[in-house]
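Number of protein chains: 2
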Amino acid sequence: MFGIVLFAHGSRDPAWAQPFARTAASAQARLPDALVTCAYLEHMRPSLEEAVLGLAARGATRIRVVPLFLGMGGHLRKDFPALMESIQAKLPGVAFERAPSLAEAPEVLDAIADWVATSVGDPKAKRDS
Amino acid sequence: MFGIVLFAHGSRDPAWAQPFARTAASAQARLPDALVTCAYLEHMRPSLEEAVLGLAARGATRIRVVPLFLGMGGHLRKDFPALMESIQAKLPGVAFERAPSLAEAPEVLDAIADWVATSVGDPKAKRDS
Numbered sequence: 001m002f003g004i005v006l007f008a009h010g011s012r013d014p015a016w017a018q019p020f021a022r023t024a025a026s027a028q029a030r031l032p033d034a035l036v037t038c039a040y041l042e043h044m045r046p047s048l049e050e051a052v053l054g055l056a057a058r059g060a061t062r063i064r065v066v067p068l069f070l071g072m073g074g075h076l077r078k079d080f081p082a083l084m085e086s087i088q089a090k091l092p093g094v095a096f097e098r099a100p101s102l103a104e105a106p107e108v109l110d111a112i113a114d115w116v117a118t119s120v121g122d123p124k125a126k127r128d129s
Numbered sequence: 001m002f003g004i005v006l007f008a009h010g011s012r013d014p015a016w017a018q019p020f021a022r023t024a025a026s027a028q029a030r031l032p033d034a035l036v037t038c039a040y041l042e043h044m045r046p047s048l049e050e051a052v053l054g055l056a057a058r059g060a061t062r063i064r065v066v067p068l069f070l071g072m073g074g075h076l077r078k079d080f081p082a083l084m085e086s087i088q089a090k091l092p093g094v095a096f097e098r099a100p101s102l103a104e105a106p107e108v109l110d111a112i113a114d115w116v117a118t119s120v121g122d123p124k125a126k127r128d129s
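These protein sequence lines map, in sequence, to chains A and B. The numbering of the first sequence is the numbering used here, which starts it at 1 and goes up by one. The numbering of the second sequence is the numbering used here, which starts it at 1 and goes up by one.
So that you can see chain A by itself, here it is in the shape it has in the complex:
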């Protein structure tokens, strides 16, 4: 079984996670043969370790972690690799991989630019200027 963890920053505010839960549900619908779940770096549960152990308990033997971070900062470059290493050490039998993050996904950045251009920068706004 193949497992995917959508890994986000987290917040003290429970409402914060709604867009991530929605994205996980959409990805799960597109990948009916995989197990898709969310995990959070701070303030929210499950943690990355809890989510990965949960997927392994449900039979995942290959797990990819997708960082849903748009910025390319310290969380991704320092905290995240250390976390991955510590979790892998607890699950030697699972093929455990880091997938590219949103910051490394030109197709997602292009989709954001398209959305800005079509929904925010509408022609009416230009005519009004």
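Don't take each hint at face value.
Pairs count within a copy or across copies, as identical chains cannot be separated in the list.
[Claimed, not checked] Simulated pairs of lysine to any residue, SDA-like, Cα-Cα distance not exceeding 25 Å:
(1) K78 <-> R22
(2) K78 <-> G10
(3) K78 <-> M44
(4) K90 <-> L41
(5) K78 <-> V94
(6) K78 <-> S11
(7) K78 <-> E49
(8) K78 <-> S119
Quick caveat, the hints were computed from the structure, so don't treat them as lab data.
Go by the hints and put chain B onto chain A.
Coordinates of chain B only, in the frame set by chain A:
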């Protein structure tokens, strides 16, 4: 002239902003008649106020701020409205609006789910399971 500010969290790490700068350049290419720029809530410059005053100085009379936050938390629901109000008070002649954030853009969340499904959850991974 119509101005658009892509407003992101910011980080102490200068590399963090690269995906946002790329997105702003793509949006600018799609909207040649508008002025598109980035701004940051913390740790980076320009601040939202600096960016908005800069667009007004370049002739923008209508400015929309697009929060590039995926989560729907305190920054968006508390800090951001207060910031918008304080900037509007300094620019009474500018039509100043908050656009929806990424967290409120189903087309962007769907694009992320598509990207997860096609690039991360590839069929080979399922066959290997």
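Any hints this thing doesn't respect? Which numbers, in order?
Violated hints: none; all satisfied.
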